[in-house]
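Combine the two chains into a complex, taking the hints into account.
Taken in order, these protein sequences are the chains called A and B.
Start counting the first sequence at 1; every next residue gets the next number (my numbering).
Start counting the second sequence at 1; every next residue gets the next number (my numbering).
Take these hints with a grain of salt, some might be off.
If you anchor each label on the Cβ, the simulated ranges turn out as follows [unchecked claim]:
(1) D11/A to V66/B: 53 to 61 Å
(2) L104/A to R51/B: 30 to 38 Å
(3) A153/A to S61/B: 44 to 52 Å
(4) G41/B to M74/A: 17 to 25 Å
By construction, these hints were calculated from the structure, which means they are not laboratory data.
Where a beta carbon is used, it is the ideal one built from N, C-alpha and C, also for glycine.
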Amino acid sequence: MSEETGANAIDPNTMSIIVTKGSLDWAYPPFILGTTAAAMGLEVTMFFTFYGLPLLLKKMDLKVTPLGNAAMKMPMMGGHMVMPNIVAAIPGVDAMASKMMKNLIKKNGVASVEDLRDLAIEADVRMIGCQMTMDLFDYQADQMIDGIEVGGAATYIEVATQSHINLFI
Amino acid sequence: MADKVLDAKGLNCPLPILKAKKALKEVPEGGTLEVLSTDPGSVADFQAFSRTTGNELLEHSEEGGVYTFLIRKK
Numbered sequence: 001m002s003e004e005t006g007a008n009a010i011d012p013n014t015m016s017i018i019v020t021k022g023s024l025d026w027a028y029p030p031f032i033l034g035t036t037a038a039a040m041g042l043e044v045t046m047f048f049t050f051y052g053l054p055l056l057l058k059k060m061d062l063k064v065t066p067l068g069n070a071a072m073k074m075p076m077m078g079g080h081m082v083m084p085n086i087v088a089a090i091p092g093v094d095a096m097a098s099k100m101m102k103n104l105i106k107k108n109g110v111a112s113v114e115d116l117r118d119l120a121i122e123a124d125v126r127m128i129g130c131q132m133t134m135d136l137f138d139y140q141a142d143q144m145i146d147g148i149e150v151g152g153a154a155t156y157i158e159v160a161t162q163s164h165i166n167l168f169i
Numbered sequence: 001m002a003d004k005v006l007d008a009k010g011l012n013c014p015l016p017i018l019k020a021k022k023a024l025k026e027v028p029e030g031g032t033l034e035v036l037s038t039d040p041g042s043v044a045d046f047q048a049f050s051r052t053t054g055n056e057l058l059e060h061s062e063e064g065g066v067y068t069f070l071i072r073k074k
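The shape of chain B in the complex, shown without the other chains (with noise of 0.2 Å):
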């Protein structure tokens, strides 16, 4: 169970990414956040925004067009 879930749906680029920004805000280091999305460049997105920042993208998938992403803080 992630320490903070972001809901991203409905929402398109960059608002998935600022929004999860925020809410990293509020997880402790080494605390995980899950974000929903239904944005389909947001799977790029998120790697790249781990790759950029250092907070690791432990693992992500989709079912029924929603993307979730699970990202420990750095």
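Pulled out of the complex, with its shape left as it was, chain A reads as follows (with noise of 0.2 Å):
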């Protein structure tokens, strides 16, 4: 029997989404791909862990570091500046990077993460919180936004079960 028959056979519409980093760059390809998919019709889940469980907070202090960054050419005069570790090391030089970073966004009409995450509540995206990274991290429910589910590895593992779609991001 063919596993794409019978009453187990997976929906092709559903996608699920480990997300597990949560910098100003990295949070950009799960919620992208996740509204775009639930725009597109498919049944979304977002099951965000370690480093991806602070996309959840309520608030969001987003930053993107260029520290061991090699592929981060930011344009600058006209060409790709990459920035020498030893410059990127020094304090206030994350902060400048992200605020740059942030002024590209702008500049190029791409979404912030903040308009993209309530994008993905109002398509009524599945979003999950990691229980053991709330713990490990210290972090409570009362700061994560409303409408969320928390669970663990097991409710994650029943959703990609249940999904034809399955990215680790």
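Here you go:
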């Protein structure tokens, strides 16, 4: 018997995303794909764990760091600049790079992560926060946005068994 | 003349698609939505959106950096 037939067939229009990174740059792919999939009629579940969990905080304060990020080439004076690690390690450089990135985001008509998260909520994307991460990094449920669920690995695995597309970001 | 027009000029991926999906809710079944966009990526994306959702892309064109899409709601 084919796996795709019968009562246990997986709906092709289902997707799950494990969100493990929460910096300003890495916050984009899961929210862009999650919202777009929902707009294309897919049922989407996002599971936020480890450094991805703070993306569920009511107040997000996202930053990007050029430290150790050789692929981060910021457009500057008509060219592209990679910041040497010794410069990137100086206090205040992260804040400056984050500000630059946010300016680029605005200038290019790219949505903010906050906006994308609102759109995901509006599109009924199911969001699950990892309980273990909440314990580990001392986050309380009341710090998180409304409407999310809390669960663990088994909760995610159950979702994954029912999803046609499963991404890890 | 489309039933609804969405001006998504100046917006980048994935906002034209997300806003189009929202705007389609206000279009009657079989009705049409016209989307204006300046995002070159939206050309491939609206085709993919239409193929996946079944909303038909009736026509698309470009003039002076502005892309126009006409979508018929399923």
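Evaluated hints:
1. For D11/A and V66/B, the Cβ-Cβ distance of about 37 Å falls outside the hinted range of 53 to 61 Å, so the restraint is violated.
2. Remark: the range hint 30 to 38 Å for L104/A to R51/B is upheld by a beta-carbon distance near 31 Å.
3. Checked against the hint of 44 to 52 Å, the pair A153/A and S61/B passes, with Cβ atoms roughly 49 Å apart.
4. Checked against the given bound of 17 to 25 Å, the beta carbons of G41/B and M74/A, roughly 21 Å apart, stay inside it.
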